[in-house]
Every structure is written in C-alpha cells, then in structure tokens.
Amino acid sequence: MSKNKEYLIKRGNSEYEVIIGLEVHAQVLSKSKLFSDSPTNFGAEPNTQVSLVDAAFPGMLPVINEFCIKQAVKTGIGLNAAINKKSIFDRKNYFYADLPQGYQISQYKDPIVGEGSILLDLPEGEKKVGIERLHLEQDAGKSIHDIDPQNTLVDLNRSGVALMEIVSKPDLRSPEEVNLYIKKLRSIMRYLGTCDGNMQEGSLRADVNVSIRKIGDKKLGTRCEIKNVNSIKFMQMAIEYEANRQADILEEGGSIDQETRLFDTKKNETRSMRSKEDAHDYRYFPDPDLLPLELTDGFISKIKKEIPELPDEKKKRFVDKFKLTPYEANILVSDIDTSKYFEDVIKNSDIKLATNWITGELFALLNDRNLEISQSPISSKNLSSLINLIKDGTISGKIAKTVFEIMANESKDPKSIIDEKGLKQQSDPKEIEKIVDDVIKENPKNVELFKTGKDKLFGFFVGQVMKKTDGKANPKLVNDILKKKLN
Amino acid sequence: MSDIINLTLSALIDKIKKKELSSQEITKAFIARAEKSKDLNTYITTDFENAIEKAKKFDEKGNFDYKLPGVPLAVKDLFCTDNLKTTAGSKILSNFIPSYESTVTQHLWDEGAILLGKLNCDEFAMGSSNETSFFGNVESPVGKKVVPGGSSGGSASALAAKLTPATIGTDTGGSIRQPASFTGTVGLKPTYGSCSRYGIVAFASSLDQAGPMTQDVSDAALMLDVISKYDTKDSTSVNFKRGDYFKSLSSNIKGKKIGIPKEYRVDGMPKEIESLWQDGITLLKNLGAKIIDISLPHTTYALPAYYIVAPAEASSNLARYDGVKYGYRSEGENLISMYENTRSEGFGDEVKRRIMIGTYVLSSGYYDAYYLKAQKIRRLIKNDFDEAYKSVDAILTPSTPSSAFKIGDKTDDPVSMYLNDIFTVPVNLSGLPAISIPAGKDKNNYPLGLQLIGKAFEEQNLLNISYSMEKELSFKNNLQDWWIK
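Protein sequence lines correspond, in order, to chains A and B.
First residue of the first sequence: 6, per the numbering used here; consecutive thereafter.
First residue of the second sequence: 200, per the numbering used here; consecutive thereafter.
Bear in mind the hints are in silico, worked out from the structure with no lab data behind them.
Hints may be right or wrong, so weigh each one.
Examples of chain A residues toward chain B, derived with CB under 7 Å [claimed, not checked]: (1) Pro63; (2) Ala102; (3) Gly107; (4) Asp294; (5) Pro297.
Pulled from the structure, derived: some chain B residues nowhere near chain A, Cβ distances all over 12 Å [unchecked claim]: (6) Ser209; (7) Asn240; (8) Glu252; (9) Ser417; (10) Glu462; (11) Lys581; (12) Ser601; (13) Asp608.
Quick list of in silico lysine-lysine cross-link-like pairs, BS3-like style, CA-CA up to 30 Å [claimed, not checked]: (14) Lys90(A) - Lys440(B); (15) Lys640(B) - Lys36(A); (16) Lys575(B) - Lys91(A); (17) Lys406(A) - Lys357(A); (18) Lys640(B) - Lys489(B).
Owing to the predicted nature of the structure, the values given are computational and were not obtained by experimental measurement.
Glycine included, every Cβ here is placed at the ideal spot set by N, Cα and C.
Produce the entire structure from the sequences given, and follow the hints as far as they go.
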C-alpha cells in the first residue's frame, strides 16, 4: 500500500494512524422475535407487537426461535466464520424503562459464531478485515421522551426482536474503509437474506470504537466507543471528529480516557456519555431459563447447502466468465438485486453493452430518482431488448439514449417506442448515399477545405447527414459512405 | 359435612364418580370450613362464589371420566391464574391480576378440578416458615403459633387443616417437602423438568419445580399424573416417557436398595429425628429392602452453594418488578427514584436480602469466587448422587433437621432459618425427585417427616417405596380443630 493513500491525522511533525473496530447490530430478518412469537413489523402502532413474554409478565419464559438461529448460522457461514456447536445465552442485567425483564438475553462468553473475515476491495487491492465474533441478542424497547412533556412513553414493539451483534477486529484504518466494510457486510447479509440492512429503519446500526497511535507504534491507543450510530455518513463523521479530538489531546500532552461517547448529529461532534469508572456492571450469567444451545453437524451442513453464491464468488465468476473488469464486477455484485438484474439482461444480450448501460445510464437514472434497482422503471427485459436493438443496428447508441429516456418515463418496451416515434435507424446504403451526395453538394467550400487537409471537417459532414435524418442514420454507414465520397 | 373434608382426594373422586357426593356438596363443605378457619391465614385470595358456580355446572353436565372430576382445590399463590389476583405473597404484586394461566394449574382445570382460591406463601417463595409473606404469617393446624414451614406454608396448612383435599406447591430448596414434614402431610418435588414452570412466578429458575401436596401417597401419584406433562412453553421442560403413577402404585419393594448417607447425620440433630430416621431404616428392612450405607461427600457445601445460586437467579428474576409495567408503583422524581421507592416499599426484608446477596455474587470481581464456584459445587453434588445411584435405588433421609418451630423463633436469625433446608437443597441442586412423608411426631406432638430421594425421572419408584412405608407407618395427625371459629 502506498503511503499517500493512508488516512492519517497530522499534528505538527506527528502522524497518527486511526484504528477502528465496529460492533454492528443487525436485525435478523425474521417474522417473529428471538424468544417469542410476536411479529416484528416495522412502523406498527406502538405496543401492538408485544407478547406477555416481551413485556416480561410474571412466570413468562423465553423459547428460542429456531429460524433466528438458522439466520445467525447462515450469516456466520457468509462471514467465513467458525460456527460454535455449543453456545450459551446469558443475561445482561441492567435497569431501564424500555427493558421489561430488567435484563437483556444476549451471548457473552460463548457466542454462536466465532472468528471470520470480510474482504474489502480497496483501490490499491483487497484487504481482509477480521471478524471477532457474532452473537445473538434481544433488542430493547424504545423510550420516547418528546411526546409527553411530563412522562416518558415506552413502546415495546422492538422488545425482544432478534439482533446479531457482529464484532470486527480493530482492522479498519479510515472512514472510507468503514464505508466499504459496512456496505460489504450489508451486501453479504442481503445476499443471505438474513438482514435487510435498512439503516433508516434501524435494522443496521453500529457502535464505533476509535483509537489513534503514532505511525510506527505497535501498541494500540486507548479507545473510545461511540454508541449507536445509524448511518454510514454519521459513522464517518464521528470517526473524523473523534480521531482529531484524540490527536489534539495527545499533542497537548494529555491522555485519552476510555469512555463511551455519543455522536451529536446536529453539532457534528462526539461527547462523553459515561467514563470507564461509571461503566455498568452487567452481572452476566447464563440464563437459567434456556439450556445451552447445541447445534448438530446435520443442522449446520443443511444450512451450508442453502448458502447462495456470495458477492466475492459472484465477482470472480463475473470476471472469469463474462470478462468484466474487477471494478465493473464489483459494482454489479455489490447489491444482490443489481447482480440479478444484470444476469437477467445478459441472458439474451451483449455483456459489454449491458455492463455499460447498467452502470452508466441506469444507475444515473436510479440515483437521480433515488430508487432501488428493484423499483427500476425499466425492467431487465426491456433493457435487454434495447441493447439488442442497438446491437442489430436497428437504432444507434445515440437514439438509444432517447429511447431509454422515454422508457424511464413510460415503462414501455423499446420496440413499440421506436415504432411509435419512428426512431428506427436508416440503414439503407442507397438512401444514405443520396443524403451524403446532397450534403456534399450543399457545402462545396468545406469539401474543398477538407480535401486540402482539414481532416477535422469530417465531423461536420457526419453532423449534417445526421441532421437531415433526425439522427437516425446508421453512423457506421454514414462514416463509410462519406469517406468513400470525399476521398 | 365433616365426613367430606376428612376424605382423601382419591376417596372424594371415587364418591363423585359413584354420584354419592356432588361437586357442590364437596365444594361447599371445604368453603364452609375455610370460612371458619380464617385464623390460620391460609388464603390470600378466595374465589368461592365462582367455585360454587363451577361446581354447579359440573354437577349439571360434567365429565366424570376426568381425573379430578369436580374436585375443588386451592393452590399456592405463586401460580398465575387467569383473571384471579396472583401476588406471590408480595406487596409488589398485591394488585396483579394475570390474563393467563400457568400450565400446571391449567392441567388441573382441564381434568375437571375447580379453583377455590390462592394460598399464602413466603414472599416470592423465599422463606422456610411462611413468615415473609406480605399477607402475614400462616399458622399451622398442628399447634398454636407454630409455623407451617415454607415457602408453601399456606398450602401445607390448608391441606393439613382440611381446607382443600389436596394442593400444589413449588419447591426451590425444600418449599414443598419441609412444610409437608412440618404439617404431617405428603409433599413431592418431581424431577426438574417434569412440571412446566410456565406461568409460575419465578424465584430461582434452575431450581424451581412445582409438585403435589397431599394427604397420602396415592393422592400424590394421582396429582402427579395430572400435572407432570411436557410443555414447549418451558425450554427446560423434559420430554420423557411419564408413568401412569397412580395406577402403577405398588407396595412391593422387596430387594430395593436404599442408601443411607452418612453426611446427613449432622451435628446437633435432635434425638427424635435420629430415631425417626432409624425407625425408617428398620421399617424398610422389614419391608424387604436392602439398606446400604453410602457417602455424599459434598453435602456440607450444598447449603452455601444453594444460597449463592438461588439468590443470584432471584436477583435477576425479580428485576422485572420495577413499577413500570404492572404491580405496585411508588412514584418518584425520576426513573431511578421511582425504581428505588417502588422496590424499597414493594419488597420485604428477606427478598431484599436475597436480591442483595444475588447482586453481590454476580458482580464483576466476585463472580468467579462465588457464582462460578457454587456452580462447580453444584456439579460435584450431582456427581455424588450419580455415584450413589450406581449402588442404590433411592436414598432415605430425614426431611428436616428439626420439627416445626414457633412463629418468630428464627426471624431474627436468617442463617438458622436457612439451616432448615439442609436436607432438601442438595436435591434441588441436583434436579432429582424427592418426597417427604409423615413418619412420626416429636415430644410436642408435632409431625416429623422422612425424605426419600430418587433417581431422575423415576418418580414411580419413589412413590412405591413411600406408599409401602406409609401403609406400615399409619401416621395420623389427630388435629384438635382448635382454630375453628
């Protein structure tokens, strides 16, 4: 890796490296909660998705939702991680109004998934980021402080929803790497169908651990944990702020206090929430209501068989089989829906054109309208026909762009648009020859100049022909005929 | 009337099936006696009107094939009962009305039983004398101002005083067996995982187990048939093949090997307990059993281990009583002060003591020294039993190291109170089944019990041995009804 690509914080003569580790909380995609059968729908009326278990009524007991276990194992396999055949659910004890049991059921010493890794594609090459562990835990409810001036209201809809806490090793070195890490993690989980990765709805959020150390130092600096950041942009801003804050302190000869901090999205700064001394003593112990979770080899191998092709494999296939550049392949595989769309398009049409059209025009359109590819106004089938119409010379690339625009607004198939608007390419050499002759006749001066060596004027003649045909003339024929006539 | 209340559960069922007695007659007889027995303070909540209504319905079109056809029963107030106040003997739940039914009580009603009401108990089942209940002491019918034992003290007292033909309790460290022993009744703690914990207010989840309290062993078998069922709502429920306990009762125990653990001969054990145990051994010999001396070397560590594990789990289980969602709330300036006020006022001293012990032993820095070590001891105690069961079928011990004591005698000395459980807690720590049967009396004429400890899931064996002993012991309480008004 070349030095100048590193993300460093500079203070005078010192350069600090930023060490980042993430604890991502990913909501398990599941119809019901981790230990109860209540639904998990987002945005439901407060306290309508709550069972007696979720509200911790006396005598209520948790029962593991097997589907959530499968989802965690699946995610573990997707992260190339060790699956622990025996794991233990512990109680993490603390009091809060939106924590009905007075403890969160989580996994402490024996998580369901052990060490794994994620590959990031950096401009300078691949980077492997270590995964420390993945464990399952319950989400808490939500305390709402701003509806009633006197009281805090509690919504228990989320209480008991299954979360996967995915802890990375402190392997990340810049806000950009964090961006790539989160996107890759999300991509893998979406491929697996284990988390929808929807950050707006809180399905994916992270605690960000940041420390800095002088270049060359081996020892890690004291870290601060920034709690519950719910967008990549905020994570990046928080890291940027926090790394600089720490650098300022160290430059002034101070030392970093290990503490938990909050990122204020309005002021764009982190501020202290509680110090290490004030840290909760969670009094973890194995939940006596649940037996240790033991997975059989059969259970794990059955899940392994259900693992779809993941982004890294898909990328390799796209490069090997479709001769895409790694860059193109990366873009196309990063989102499972995009890769599906791409593969649908190239079933019946040219790969190179498909790649260009999807990563160019289509992405621009979706970006412009803020749409997911699954909401694309242009179906893969219609884009495929459009590409075939270019390929067989029915329309030119330029006309295709016009057709594409119409498709984007009217969602029609390209053939009927071309027919309706009469956009079909003129590919009859005799017709084009006539027009070329007309153009030469009408512009004797320029013909003269061209012949004396003003080669650039060739473009002028092409333009004139296109003008006369409303851009419909087959560009290749126009070129060929013009060359013949002018020379 | 007095005939009715003196019948055993199985005799009552027999009479109902033969239509010699109606459910209404029986229900009314027990209600009438309860009305006259208020001084014992056995009930926290009565549901008499509904009970009579249900009995009437049963008499009109009841199913006489049920195992408990039209039989009225009162249960410990630790079982959640749909639409009927469930307090766990605590102020903090003094206004709590569940909208659901515990699995175990549901099994009773599904077999035709009728709920009379909810019986007093130590607060959150923490106690050995029923003196920690927010709803006051329970008196034992065996003597004035005598404790019925605990925590199922209301159940034991009501049963012994013939206010209910049978009942169910819960046993975390002896809470069924010790009060049974104190009141001259039969108390069975089934193997952990036999009876569902769903809907039972939790004390210590890894130890709690519901079980029958009855007048004799047959009744215990009958009740066990009804309440021991696999339940998917309790992850610790075990799906094993349950016996047909009542039908399979047999008094032939020839050749059974009974272990006598030397470690249970504790210092300062009263002579009368010593001779009760010896008489039990002689009786078993006479019945054809083989007596084998065994050793359970870690017994002495059971009580300290129990008083770490149980409070640890309790401290966490009771965190949900915070004034936020249900139960008693005492307002405060903010969330923390509301918690403090609610829990300070809502819990009694013994519960607070155990929450503090439990919180302490789970704290970082102390976890390994206390909780983890206690769990290791627990494993060693279980190993002791496993080793013993290689050579014996069951183990005979006294149920308690002393007979019932007077109200107030031990309330100032928690440790001497805890020592009451010395013979019963190893069983809970090991998850084994055990039964206490009345076997004799002390100098005050207070009952004394013997405990039989069995192999896991072998309740039938335990019932058969105690059934054969019971026949020979022919224990009678001979209560004088001194409390009747």
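To see whether the hints hold, each was checked on the structure:
Taken as an interface hint, Pro63(A) checks out: its beta carbon lies about 5 Å from the nearest beta carbon of chain B, inside 7 Å. With a least beta-carbon distance of about 5 Å to chain B, the hint placing Ala102(A) at the interface is held under the 7 Å criterion. Among the interface hints, the one on Gly107(A) holds; its C-beta lies about 2 Å from the nearest C-beta in chain B, closer than the 7 Å criterion. Because the closest C-beta pair between Asp294(A) and chain B is about 5 Å apart, less than 7 Å, the hint holds.
Given the 7 Å rule on beta carbons, the hint for Pro297(A) is violated: about 11 Å separates it from the nearest Cβ of chain B. At roughly 29 Å from the closest C-beta of chain A, the C-beta of Ser209(B) stays outside 12 Å, upholding its exclusion from the interface. Here Asn240(B) stays apart from chain A, with its beta-carbon at least about 23 Å from theirs, past the 12 Å limit. The claim that Glu252(B) lies off the interface holds: its Cβ sits roughly 26 Å from the closest Cβ of chain A, which is beyond the 12 Å cut-off.
The non-interface label for Ser417(B) is consistent with chain A: the shortest C-beta to C-beta separation is roughly 30 Å, beyond 12 Å. Every beta carbon of chain A lies more than 12 Å from that of Glu462(B), the smallest distance being close to 27 Å; the non-interface claim holds. Its beta-carbon lying about 15 Å from the closest one in chain A, Lys581(B) satisfies the requirement of being farther than 12 Å from that chain. Interface exclusion of Ser601(B) from chain A stands, the closest Cβ pair being 30 Å apart, more than 12 Å.
Every CB of chain A is more than 12 Å from the CB of Asp608(B) (nearest about 31 Å), matching its label as outside the interface. Of the pairs offered as hints, the one joining Lys90(A) and Lys440(B) holds, with about 27 Å between alpha carbons and a cut-off of 30 Å not exceeded. For the given pair, Lys640(B) sits about 60 Å from Lys36(A) by alpha-carbon distance, which is inconsistent with the 30 Å threshold. For the hint pairing Lys575(B) with Lys91(A), the CA-to-CA distance comes to about 19 Å; that is within 30 Å, so the pair holds.
Among the hinted pairs, Lys406(A) with Lys357(A) is consistent with the structure: their alpha-carbon atoms are about 16 Å apart, no more than 30 Å. Pair hint Lys640(B) plus Lys489(B) holds up; C-alpha atoms about 25 Å apart against a cutoff of 30 Å.
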